[in-house]
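J.: Here are the chains, one letter per residue:
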Amino acid sequence: MEDTIFSSLSRLAPQLVEGGETIEDLQRLSGGASMETWAFAVAGPGRREEMILRRRPGGPIDEDASRSVSLATEAALIVAAHGTGAPVAPLVHLAGPDDGLGEAHITRRIAGETLGRKIVTDPKFEAVRPSLARQCGAILAQIHSAKADLPLKTVDFLGELERYEAVYRQSGAERPILELAFQHLKKHAPPPVEPVLLHGDFRNGNLIVDPEKGVAAVLDWELSHYGDPAEDLSWICVNSWRFGKAELPVGGFGHYAELLDGYAAGGGAEIPLSRVLRWQALGSLKWGVMCLMMYASYATGAESSVERPMIGRRVSETEIDLVILMENGL
Amino acid sequence: MIENPRADELVEAVARWIDSVRPGLPPRDAFLARVAANVLSVVKRELTLGPQAEAAATARLAGLLGHEGTLAELNAELCARLRDGAMDRDTPGLLAALKANIVEQIAIDQPNYAPEPAR
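Listed in order, the protein sequences are those of chains A and B.
In this text, residue positions in the first sequence follow the numbering used here: the first is 1, and each later residue adds one.
In this text, residue positions in the second sequence follow the numbering used here: the first is 1, and each later residue adds one.
Bear in mind the hints are in silico, worked out from the structure with no lab data behind them.
Treat the hints with care, as some may be off.
Result set (BS3-like, lysine-lysine): computed pairs, CA atoms no more than 27 Å apart in a straight line [said to hold, decoys possible]:
hint, chain 1, residue 1, chain 2, residue 2
1, B, K99, A, K187
2, B, K99, A, K286
3, B, K99, A, K186
Turn these sequences into a full structure, and let the hints guide you.
T.: Structure follows, in structure tokens:
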């Protein structure tokens, strides 16, 4: 596999970088069975550029049936976001049928940290941390201003709630707090708004953070869709990705007011905190249901890793957060 | 019934052994070994805290529903009443009981989890 990728990339080298001749340091970074991420460098006389290859070895997905977008759509999203000035890892190449890479795209590799826990605790980020929430607000305002006409789904609050409730019912689980949250959010759904382009998975963990510049790139566009701006603003506030810094609701590094001020200053609409909090509660509820499903994939024998059943014990973290959000007057 | 070693002591011994071999493992196995050690910590806490937490949860749900039953029966009934709207967030005592139960559950599942702050 590695040999095939190496030779395909070697043929592409002159196209990826002007004067590019060879591929160096090809290395698999991560990924499961459905998506691979590789790092490599293109080198030529007097130059060397670091790049990232993302590829789906199983071939293109059915965009209608899946929540994820194809890598071709993801590439178009990166280009659209880049056009608004939002920080992304710029697209270098979308693989074609003759490239021998299958469904794949290549972007620049942006330096910085992606591990959420490090971003919220490492002293290296102390100076930049207080500005991150405002920066995230401004970046979301940029992304939401994109005028891209792409084959994406449109999601609204009640539709999303219904989708996850169906998954929960199917699982057969009986969890009073999740049940209460479904019913409560159904009664207190925020009124629908004109949909905008959303990142769809904007959270601490999908950001590359530079110790000096702050957010250097927004990664992982595969869950992008059209919807309520408050959905993107709230997902980064879900307590499950504050990495122990619960008192800093935005990603474990900032406050709601900073995020919302940054959003408005960046040209976004004024969004009331109550709207963000309801979407945040829906976010916790969704993560709770996802954890139940990861346990279910173990219980049915579909997955055997020790990781899966253990994630099932993370449902209770979403339950305690949901109870407190409701006590707080959601 | 054999008293010693207790089940939690046996679990603890295995967890320590996993920790001792972890540093020599390749990255993916080292990660999974850490998860496995965490699993054993959950099991150990459930062995020591579980019986009391379950009894307390049963008593709270019985108080809320006004009759006795097993935890599974009471839990199913509570879910049904929440689903059909007979009980909701504003039902007196509901949030307090659910919170007390989940606080004891998280003490087993993830004692270091920092929950959403109260306002």
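J.: Determine which of the earlier numbered hints do not hold for this structure and return their numbers in increasing order.
T.: none
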